[in-house]
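Please build the complete structure, drawing on both the sequences and the hints.
Protein chains in written order, with our numbering: chain A, 17 to 342; chain B, 2 to 335; chain C, 221 to 756.
Misleading hints may appear alongside valid ones.
[What the hints assert, rightly or not] List of simulated lysine-lysine pairs, PhoX-like, C-alpha gap at most 25 angstroms: (1) C:K382 to C:K348; (2) C:K447 to B:K200; (3) A:K263 to B:K163; (4) A:K95 to A:K138; (5) C:K348 to C:K413; (6) C:K626 to B:K200; (7) A:K288 to A:K267; (8) A:K272 to B:K175; (9) C:K611 to B:K200; (10) A:K272 to B:K141; (11) B:K175 to A:K95; (12) B:K200 to A:K288; (13) A:K336 to B:K163; (14) B:K141 to A:K81; (15) A:K321 to A:K95; (16) A:K331 to B:K163; (17) A:K263 to B:K141; (18) A:K176 to A:K342.
Since the hints were made in silico from the structure, they are not lab data.
Here's the letter readout for the chains.
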Amino acid sequence: MPMFPRRAFVGTLVCLCTLSALPSCSSSGSDRKRHAGTPDDPYVIGMSQCNLGEPWRVQMNADIKRATSPYPNIKIIFKDAQNDSLTQRAHVEELVAQGIDLLVISPKEAAPLTQPVADAYKKGIPVIVLDRAVQGEEYTVFIGADNKKIGREAGKWAVKALGGKGKIVELKGLMTSTPGQDRNAGFREGLDLANNKDIQVVFEADMAWLEPNARKEMASALATQSDIQLVYAHNDPGAHGAYLAAKEADKHGAMKFIGIDALPHEGIRYVKDGILDATFAYPTGGAEAIETAIKILQGEKVEKKITLGTRIYTKENVAKGGEEIK
Amino acid sequence: MFVERLKIAMRHSFARALLPLLLVLFVGLVFNANGAFFAWSTHRSMLREISVHGILACGMTVVILAGGIDLAVGSVLGLSAVVFAWLTLPFELSAPLSLIAVVFMGAALGALSGGFVARYRVQPFVVTLAMMVFARGLAKLVSGGEKITVATSLGAEPAAPKALPAIFRALDTKMFGGNVSAVTLVFAACALATWLFLKHLRAGRYVYATGGNREAAELSGVPTSLTLIVAYALSGLFAAIAGICQAAQETHGDPETGTGYELEAIAMVVLGGTALSGGRGGMGLTLLGALTMGYLQKILSLNAFQTEARLMLTGVILLAAVLFQKFANRRAAT
Amino acid sequence: MTRQSANALATLSGVSVTFGATRALADVSFEVLPGCVHILAGENGAGKSTLIRVLSGVVREYTGELRLAGKPVRFQSARDASAHGVATIYQELSLIGSLSVADNLALCTHGGFLSKIDRRSELEEAKKLLQEMALDIDPLAPVETLPLADRQLLEIGRALQKKATIFIFDEPTSALSEPEAERLMVRINGLKKRGCGIVYISHRMEENDRIGDHVTVLCDGKVTLDKPKKVTDRAEIVDAMMGAGSRRALSPAGAPQPSLQNGPVQTALESADERSARNVALQVRGLSLNVPSVPKLCDVSLEVFAGEIVGIAGLRGSGTAELPAALFGAWGAEARVESAAIEGRPFSIVSPTDSIKAGIVYLAADRQKTVFYDLDIAQNISLSSLESVSKWGVLRSTDEYTLAQKMTSLLRVAAPSMRSWAGSLSGGNQQKTALLRVVTTRPKLLLLDEPARGVDLMAKADIFETLRKVAAQGTAVVVVLSELKDMIDLCDRVMVMSRGRIVRTLEKKDFSLGELRLALDDPEAAEHRETGEQAP
Numbered sequence: 017m018p019m020f021p022r023r024a025f026v027g028t029l030v031c032l033c034t035l036s037a038l039p040s041c042s043s044s045g046s047d048r049k050r051h052a053g054t055p056d057d058p059y060v061i062g063m064s065q066c067n068l069g070e071p072w073r074v075q076m077n078a079d080i081k082r083a084t085s086p087y088p089n090i091k092i093i094f095k096d097a098q099n100d101s102l103t104q105r106a107h108v109e110e111l112v113a114q115g116i117d118l119l120v121i122s123p124k125e126a127a128p129l130t131q132p133v134a135d136a137y138k139k140g141i142p143v144i145v146l147d148r149a150v151q152g153e154e155y156t157v158f159i160g161a162d163n164k165k166i167g168r169e170a171g172k173w174a175v176k177a178l179g180g181k182g183k184i185v186e187l188k189g190l191m192t193s194t195p196g197q198d199r200n201a202g203f204r205e206g207l208d209l210a211n212n213k214d215i216q217v218v219f220e221a222d223m224a225w226l227e228p229n230a231r232k233e234m235a236s237a238l239a240t241q242s243d244i245q246l247v248y249a250h251n252d253p254g255a256h257g258a259y260l261a262a263k264e265a266d267k268h269g270a271m272k273f274i275g276i277d278a279l280p281h282e283g284i285r286y287v288k289d290g291i292l293d294a295t296f297a298y299p300t301g302g303a304e305a306i307e308t309a310i311k312i313l314q315g316e317k318v319e320k321k322i323t324l325g326t327r328i329y330t331k332e333n334v335a336k337g338g339e340e341i342k
Numbered sequence: 002m003f004v005e006r007l008k009i010a011m012r013h014s015f016a017r018a019l020l021p022l023l024l025v026l027f028v029g030l031v032f033n034a035n036g037a038f039f040a041w042s043t044h045r046s047m048l049r050e051i052s053v054h055g056i057l058a059c060g061m062t063v064v065i066l067a068g069g070i071d072l073a074v075g076s077v078l079g080l081s082a083v084v085f086a087w088l089t090l091p092f093e094l095s096a097p098l099s100l101i102a103v104v105f106m107g108a109a110l111g112a113l114s115g116g117f118v119a120r121y122r123v124q125p126f127v128v129t130l131a132m133m134v135f136a137r138g139l140a141k142l143v144s145g146g147e148k149i150t151v152a153t154s155l156g157a158e159p160a161a162p163k164a165l166p167a168i169f170r171a172l173d174t175k176m177f178g179g180n181v182s183a184v185t186l187v188f189a190a191c192a193l194a195t196w197l198f199l200k201h202l203r204a205g206r207y208v209y210a211t212g213g214n215r216e217a218a219e220l221s222g223v224p225t226s227l228t229l230i231v232a233y234a235l236s237g238l239f240a241a242i243a244g245i246c247q248a249a250q251e252t253h254g255d256p257e258t259g260t261g262y263e264l265e266a267i268a269m270v271v272l273g274g275t276a277l278s279g280g281r282g283g284m285g286l287t288l289l290g291a292l293t294m295g296y297l298q299k300i301l302s303l304n305a306f307q308t309e310a311r312l313m314l315t316g317v318i319l320l321a322a323v324l325f326q327k328f329a330n331r332r333a334a335t
Numbered sequence: 221m222t223r224q225s226a227n228a229l230a231t232l233s234g235v236s237v238t239f240g241a242t243r244a245l246a247d248v249s250f251e252v253l254p255g256c257v258h259i260l261a262g263e264n265g266a267g268k269s270t271l272i273r274v275l276s277g278v279v280r281e282y283t284g285e286l287r288l289a290g291k292p293v294r295f296q297s298a299r300d301a302s303a304h305g306v307a308t309i310y311q312e313l314s315l316i317g318s319l320s321v322a323d324n325l326a327l328c329t330h331g332g333f334l335s336k337i338d339r340r341s342e343l344e345e346a347k348k349l350l351q352e353m354a355l356d357i358d359p360l361a362p363v364e365t366l367p368l369a370d371r372q373l374l375e376i377g378r379a380l381q382k383k384a385t386i387f388i389f390d391e392p393t394s395a396l397s398e399p400e401a402e403r404l405m406v407r408i409n410g411l412k413k414r415g416c417g418i419v420y421i422s423h424r425m426e427e428n429d430r431i432g433d434h435v436t437v438l439c440d441g442k443v444t445l446d447k448p449k450k451v452t453d454r455a456e457i458v459d460a461m462m463g464a465g466s467r468r469a470l471s472p473a474g475a476p477q478p479s480l481q482n483g484p485v486q487t488a489l490e491s492a493d494e495r496s497a498r499n500v501a502l503q504v505r506g507l508s509l510n511v512p513s514v515p516k517l518c519d520v521s522l523e524v525f526a527g528e529i530v531g532i533a534g535l536r537g538s539g540t541a542e543l544p545a546a547l548f549g550a551w552g553a554e555a556r557v558e559s560a561a562i563e564g565r566p567f568s569i570v571s572p573t574d575s576i577k578a579g580i581v582y583l584a585a586d587r588q589k590t591v592f593y594d595l596d597i598a599q600n601i602s603l604s605s606l607e608s609v610s611k612w613g614v615l616r617s618t619d620e621y622t623l624a625q626k627m628t629s630l631l632r633v634a635a636p637s638m639r640s641w642a643g644s645l646s647g648g649n650q651q652k653t654a655l656l657r658v659v660t661t662r663p664k665l666l667l668l669d670e671p672a673r674g675v676d677l678m679a680k681a682d683i684f685e686t687l688r689k690v691a692a693q694g695t696a697v698v699v700v701l702s703e704l705k706d707m708i709d710l711c712d713r714v715m716v717m718s719r720g721r722i723v724r725t726l727e728k729k730d731f732s733l734g735e736l737r738l739a740l741d742d743p744e745a746a747e748h749r750e751t752g753e754q755a756p
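Structure follows, in structure tokens:
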């Protein structure tokens with residue numbers, strides 16, 4: 017018998033908790049309760065990542081985690097949508113329901129995520145959109161790198177490295193994706209073929225960001241073209257694959273290899289090992305997102321759009337941590 | 002007399018598989034990309050490029066002959082690449098031990114799939130689909146989502162990069178005066194082993210019987226369950242070997258590698274003329290199918306076709322080759 | 221000889237059908253009258269099924285004439301026949317198990333390929349029909365959940381819905397229980413009252429007695445009896461079924477065949493005493509099989525001696541097909557047995573693999589389960605005894621070839637080479653190949669289900685000859701045969717089965733077609749005679 021009252025007590029408690037939780041869920045508008053931002057009651061930031069299948073996005077999460085670690089008054093909830101827009105949409109709604117103070121989102125696609133982001137924004141939750149944009153204006157700040165600019169820098173560097181004369185192979189990411197298109201267009205701008213008439217792009221092929229494909233395509237380039245002097249790949253694994261193909265044909269000594277992304281375990285290490293001649297960072301924006309988030313939470317004004325610069329890593333500067341290009 | 006008869010029996014299916022290959026080679030002669038098609042190095046690199054897919058196709062041939070399908074080979078390849086890289090690089094296990102461990106793991110995963118197919122009669126498509134997802138997940142878990150490289154350390158702190166172990170370099174070298182890639186030899190060895198298994202072992206005959214007619218095989222005293230388990234185990238084993246080759250060629254273990262390779266392997270088997278319904282076909286045919294696929298992709302790549310055109314052309318040629326085999330088959334039967 | 225009734229629903233006159241060299245029907249005339257149940261009787265292979273196949277549009281190559289309601293027709297297909305009102309209720313039902321009763325009834329009745337489905341009116345129609353048929357089943361239940369009898373009645377209902385006037389029943393009750401069969405009889409009477417014509421084939425004489433109005437007996441493709449039921453009796457029918465051969469076949473040894481004369485051994489007329497001096501090859505007590513809840517075999521016990529050929533006779537559904545499969549272990553744990561011993565050593569009937577190790581092999585009736593079409597002849601023959609042509613698991617191709625040659629010298633397989641695919645062979649040669657596969661294992665006990673089904677007479681003689689040789693070497697043979705003449709030809713003893721039991725055992729000296737026929741037709745009476753004290 018003594019068990020019964022206790023069970024009833026627990027039951028009542030659960031009911032009460034549920035009831036008290038209900039209004040807080042349904043309350044909307046700017047009167048939502050904020051966390052105090054102290055170590056006892058830390059700010060809660062929701063981070064919705066679209067996909068952790070790519071090392072670059074793993075790096076983004078790692079950057080965010082590292083940037084948060086000095087702040088005991090910030091707690092981060094990570095969600096991985098596994099490359100599914102609808103899952104990501106559900107994640108945003110869950111995070112909002114959990115009562116986060118700020119949302120960081122790296123969306124998979126613009127259209128399906130515009131509405132949930134706008135909903136969160138309208139509820140008074142500041143939203144930082146990372147890397148890929150959403151439509152409209154209903155977010156707090158967009159932080160992204162500029163693929164076109166990075167491509168342009170790579171192009172300029174290539175012209176300089178070749179001394180204005182030589183044959184180039186371009187191994188493209190996916191030409192149906194925006195990053196692939198921008199890295200291609202920017203590179204061509206940087207090469208400025210109209211004025212550098214002695215520079216030729218003799219072979220270009222799609223390698224779908226994959227190293228084995230890049231190696232395969234490079235083998236074909238080597239079979240059909242002689243005197244290739246520079247290879248530009250849209251990502252570092254692509255450049256690495258091209259290097260392996262050139263090495264197999266014993267022609268790697270006479271070539272320069274340029275990649276993009278500059279992740280610590282990939283591009284930067286390849287430069288250190290002398291495999292790549294240059295790699296350009298495509299910053300994840302993770303650290304910048306946390307900096308901006310803290311500013312927002314402390315009530316400071318921030319710009320609507322922050323474009324990240326890039327860093328170039330070459331043999332000469334890799335030991336010093338690369339060189340920033342504004 | 003017996004040899005003659007055997008040749009007559011072989012002629013049809015072999016000729017049917019040979020024809021698409023000759024057709025593709027002819028296309029290569031015409032679109033030779035300024036003579037690049039005639040250089041041995043082109044053929045050498047083509048052979049290197051099909052090796053990993055081809056090794057998968059060896060196991061796939063056995064499974065398809067046994068009346069099944071193995072969708073997990075691409076993922077098991079990825080897992081094997083990661084585990085092999087992890088064992089040899091940060092864990093610094095000796096190469097022979099790592100090889101044995103990885104090959105054993107692949108065979109065990111395959112046997113697990115086979116066990117479900119044989120014992121519980123679950124559809125092979127479903128079982129291996131589950132294994133495909135599971136193995137990919139395991140690969141990501143083991144690697145933490147990142148590539149396992151010479152700089153990967155066991156602890157949290159990044160380690161100073163080590164030199165690449167000899168086994169990696171050995172698998173990505175050229176042999177016989179630089180004329181053949183090492184992985185191509187591995188592929189050739191796998192193909193030979195598969196051929197011997199199917200042609201000259203009792204177990205191989207049981208594979209044909211089980212795939213041709215499982216119920217009849219059971220009533221004839223064929224240990225069908227064991228046969229299926231062995232077939233899938235072989236597929237897993239070859240996937241592990243392919244994974245090791247992949248890791249060696251990429252100089253790291255990438256948890257994402259091998260995605261979609263199962264389709265490539267199935268295409269090679271089917272293009273050779275092995276029936277998806279099981280019981281009919283063989284390793285020789287798969288070899289021809291692999292060469293056809295390899296040359297097709299090489300020619301498209303040499304001539305720098307756009308991706309869109311390549312995908313569409315590959316689809317059209319695949320379908321045409323299979324249809325051609327079907328018609329040739331019908332004509333031979335009447 | 222054509223007798224033309226003015227009101228006949230269908231008339232076949234002078235119809236002949238030949239398949240290759242065999243003449244399945246020779247100048248047969250047959251009439252279906254409204255409100256009349258026509259019993260079609262005859263031994264297996266007498267031409268009954270060919271006759272109904274002509275009537276239902278399956279066989280289109282025939283000479284002679286088919287008239288429907290006086291008008292000559294020639295069906296293009298079975299579908300065409302059913303559009304003309306000829307409905308055939310086969311053993312293998314044509315309903316789709318996963319669809320509901322209403323869906324099945326509405327299937328293909330009206331509308332084009334893309335026309336809209338009106339579920340409500342379909343359901344109404346189905347309900348109406350079920351009521352008419354006095355069938356108490358849910359129209360939304362999937363057909364596969366219904367008992368077989370209901371499905372059969374549903375099939376009749378569907379034919380009625382399509383305005384069928386002629387109903388053909390081919391062994392409709394063989395898989396039904398007594399009360400289920402009773403319901404079917406009532407339904408058939410209902411059809412009769414509606415003025416439909418019914419063609420009815422059954423091996424159960426008592427059913428024929430009950431519902432038949434007219435009897436037509438076929439023997440060797442010819443009509444040997446064609447009378448109203450009232451003016452004939454069972455003896456006359458049995459006589460007509462045996463045709464001209466009846467007197468010949470009544471002699472115990474049967475018609476002498478060339479193979480018998482130079483056969484290696486004569487076991488004919490061996491008495492039970494002589495046999496008991498030989499070794500018991502198989503001894504089984506209390507074998508029962510319930511699948512899934514229907515008793516297929518009940519408490520079967522039998523003894524088979526080395527070198528003996530035992531025939532299993534019985535009507536369809538009496539357990540003859542299940543007995544050899546169960547002895548082989550093909551039913552696995554579903555078969556229960558009190559004790560089983562092979563050559564005195566006990567063994568458990570669990571799996572085919574174990575049985576083969578113990579020296580028991582089985583050849584199913586269905587060639588789909590015995591022939592490997594994608595393997596060649598030599599590979600087929602050696603498959604069950606690969607140990608003998610391999611060492612350490614490595615096959616020796618030449619040994620395999622030699623073995624196949626040795627075996628085919630025992631029983632000739634007509635093919636260009638030992639390396640021809642089994643799929644390219646004729647049915648008879650496929651059957652021979654399959655038989656050689658099981659014989660190659662040198663079994664102690666050979667279980668065969670219809671080893672000569674669908675093969676021509678020469679092949680049949682060859683196969684029987686081989687079985688005699690195998691038996692002479694000491695193998696016990698248990699063989700299910702549906703043709704009684706074959707039984708007399710081949711067997712040393714015959715066991716008659718009914719409702720999953722062995723109800724009679726006939727010694728060679730007691731063999732006669734008449735005796736066997738009676739034992740089959742009236743197994744209940746036989747059971748009473750044999751085991752009077754334990755009859756149900």
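Status of the hints after comparison with the structure:
1. C:K382 to C:K348: holds (14 angstroms)
2. C:K447 to B:K200: It is violated: about 64 angstroms lies between the C-alpha atoms, which goes past 25 angstroms.
3. A:K263 to B:K163: Holds - the C-alpha atoms of K163 of chain B and K263 of chain A are around 20 angstroms apart, at most 25 angstroms.
4. A:K95 to A:K138: holds (21 angstroms)
5. C:K348 to C:K413: With a Cα-Cα distance of about 19 angstroms, the restraint between K348 of chain C and K413 of chain C holds, given a limit of 25 angstroms.
6. C:K626 to B:K200: Since the Cα atoms of K626 of chain C and K200 of chain B sit roughly 22 angstroms apart, the hinted pair holds (cutoff 25 angstroms).
7. A:K288 to A:K267: OK: K288 of chain A and K267 of chain A at ~20 angstroms, within 25 angstroms.
8. A:K272 to B:K175: Answer holds: K272 of chain A to K175 of chain B is near 23 angstroms, not above 25 angstroms.
9. C:K611 to B:K200: holds (14 angstroms)
10. A:K272 to B:K141: violated (32 angstroms)
11. B:K175 to A:K95: violated (46 angstroms)
12. B:K200 to A:K288: It is violated: about 51 angstroms lies between the C-alpha atoms, which goes past 25 angstroms.
13. A:K336 to B:K163: holds (21 angstroms)
14. B:K141 to A:K81: The hint holds at about 20 angstroms.
15. A:K321 to A:K95: holds (24 angstroms)
16. A:K331 to B:K163: holds (19 angstroms)
17. A:K263 to B:K141: Given that 25 angstroms is the threshold and the Cα spacing comes to 29 angstroms, the pair is violated.
18. A:K176 to A:K342: The hint holds at about 18 angstroms.
Of the numbered hints given earlier, the model fails hints 2, 10, 11, 12, 17; all others are met.
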